[in-house]
Amino acid sequence: MKYDRAEYETKINDSPLFSLNKETQYNAYRKEALKMVEYLYFYLCAINYEKYSDLGCEIVELANRCINNYDISKGVFLHYFNTAWKNEYKRIRQVNIEDDKYRGLHISETDKRNVRRYMRLAQNRGVDCNTKEFTECLSNAMNLTETEVIEIIGMSEVAVISNEFRNENGEIFDLFDMEKSTESADRKLLQAEDVHTVFNRIEEVYNKLQDRQKKIISDVITAKICDNLEDICIWAEHFDFINIEILERYKKTGEIPTQRDIAQKYNRDEASISRTLKQFKEKLC
Amino acid sequence: MKKIVICNVPMRENVDKSVYTSADLSLPTSSRAVRFPINSFLEETLNPDDELKLVLLTKNDEYSCAQKNAEDFITEIDEINKNIGAKIEFTNIDTAFSQEQAIHEQLMASIVDHIDVDSHILADITYGPKDMPIVLFSAMGFAEKFLRCEIDNIIYGQANFENGKVVNTKICDMIPLYYLNSVTDTIHCDEPERAKHMLKTLLSL
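So the sequence lines, in the order shown, correspond to chains L and G. Going by the working numbering, 166 is the number at position 166 of the first sequence; the sequence numbering is gapless. Going by the working numbering, 69 is the number at position 69 of the second sequence; the sequence numbering is gapless.
Calculated from the structure, these hints are not laboratory results. Just so you know, not all the hints are guaranteed correct.
[Stated by the list, open to error] No more than 25 Å apart at the CA atoms, straight line, and that leaves these computed lysine-lysine pairs for DSS-like: (1) L:35 x G:68; (2) L:208 x L:74; (3) G:200 x L:35; (4) G:87 x L:86; (5) G:170 x L:22; (6) G:2 x L:11; (7) G:87 x G:68; (8) L:35 x G:196; (9) L:51 x G:196; (10) G:2 x L:35; (11) L:281 x L:214; (12) L:35 x L:2; (13) G:200 x L:22; (14) L:74 x L:278; (15) L:2 x L:86; (16) G:145 x L:11; (17) G:145 x L:2.
Starting from the given sequences, assemble the full structure and let the hints guide the process.
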């Protein structure tokens, strides 16, 4: 079946959905919302049927989120949806690639991250990660079998070396975006076009903070993203909100301060650190 | 605007008039007491430049009063239209009161024959035998997919009965269910559990 992209763009843009009141015009609202979901699905099929037609469930879920979260301040709805879909599709691709990579092994995000950290630490100290001693040590430390450790090391090496990789279709994916997507990071933050845009936005909001808040936010954000910072362009280190000390310590030892460590450093409790971060995130969006 | 109104006509005698209410601003009703809920809605939504084709679906057997009720419908809408001035034409599709497959298919084909391309369709499924809404849904699905029609409303007049008298009448619109069916018919999903999850998502819209 051939789908006409222009036809569905028009239907989406001309939809009366967002002029209806969900509470007082609920029949009309529900009808137009369901039609919008269908239009969005057909629109994506018109763009690339092979890529998107089997992602009906994902499209429906994203359409639902976009319809519920959209307001006119976010610009044209179709542009808003397209940006969201771009990020969602990247996440879907990464999950599929990681499923292939890990060949059915169920590895938690924490374990994957820890393996990379241990490998980085080992490499920095000149230890060969491909020895039996190393795999035995890692197996004991992470409570995994040696076979599992060997599989993970073999598959993790690609991710450790570069933040970008190319899939079989030649598309380039940025590790930072995908990792944060699969780690259930704040979705609103991820709707920015790329890392540079995100960093600029963080910097903008960060510079408006009071000094005492800046120190905490700098530590917390650096701790959260330094796993990937090393692999991102050098310019990332020139942002004020990056704590260079934390970053350097991570590069040397693989250590990342926990929220508890940060709370103790500033003589606060963990809940207070969480609240500060939450307020900061709200200002970002 | 070209509108097709398809209405199931009751077979029983003495269809009472009622004032139908609505809590939904997108489903307005008039304060006039009517026999057919769709007429209460049409009084509030019909425009002078509308071209209305009324397709009345009647069932006949030796006891049926459907023809008399169809005449009452025409009288009712003519009265309403006096103040509006829309162009209205009437047509009646009469079939035997039978649950045979051949009758269902004949009825569906007849309904489709009377639907004009590029029109807006409204239906009233309040009255009539239980097979009628299913036949209508099939005809409307065909019209939407192949005749470039838009399904606007599927009206149902809800009523309670107290000592045999009709009370608490209000109109409902089943159009969200129709479009839910349309969406689920369209989307590909090979995994049953994910499909169930998708349905829950659609129901939460």
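Structure-based check of all given hints:
no.: 1; hint: L:35 x G:68; result: 39 Å, violated
no.: 2; hint: L:208 x L:74; result: 23 Å, holds
no.: 3; hint: G:200 x L:35; result: 16 Å, holds
no.: 4; hint: G:87 x L:86; result: 49 Å, violated
no.: 5; hint: G:170 x L:22; result: 20 Å, holds
no.: 6; hint: G:2 x L:11; result: 20 Å, holds
no.: 7; hint: G:87 x G:68; result: 23 Å, holds
no.: 8; hint: L:35 x G:196; result: 19 Å, holds
no.: 9; hint: L:51 x G:196; result: 22 Å, holds
no.: 10; hint: G:2 x L:35; result: 21 Å, holds
no.: 11; hint: L:281 x L:214; result: 13 Å, holds
no.: 12; hint: L:35 x L:2; result: 19 Å, holds
no.: 13; hint: G:200 x L:22; result: 18 Å, holds
no.: 14; hint: L:74 x L:278; result: 21 Å, holds
no.: 15; hint: L:2 x L:86; result: 22 Å, holds
no.: 16; hint: G:145 x L:11; result: 16 Å, holds
no.: 17; hint: G:145 x L:2; result: 14 Å, holds
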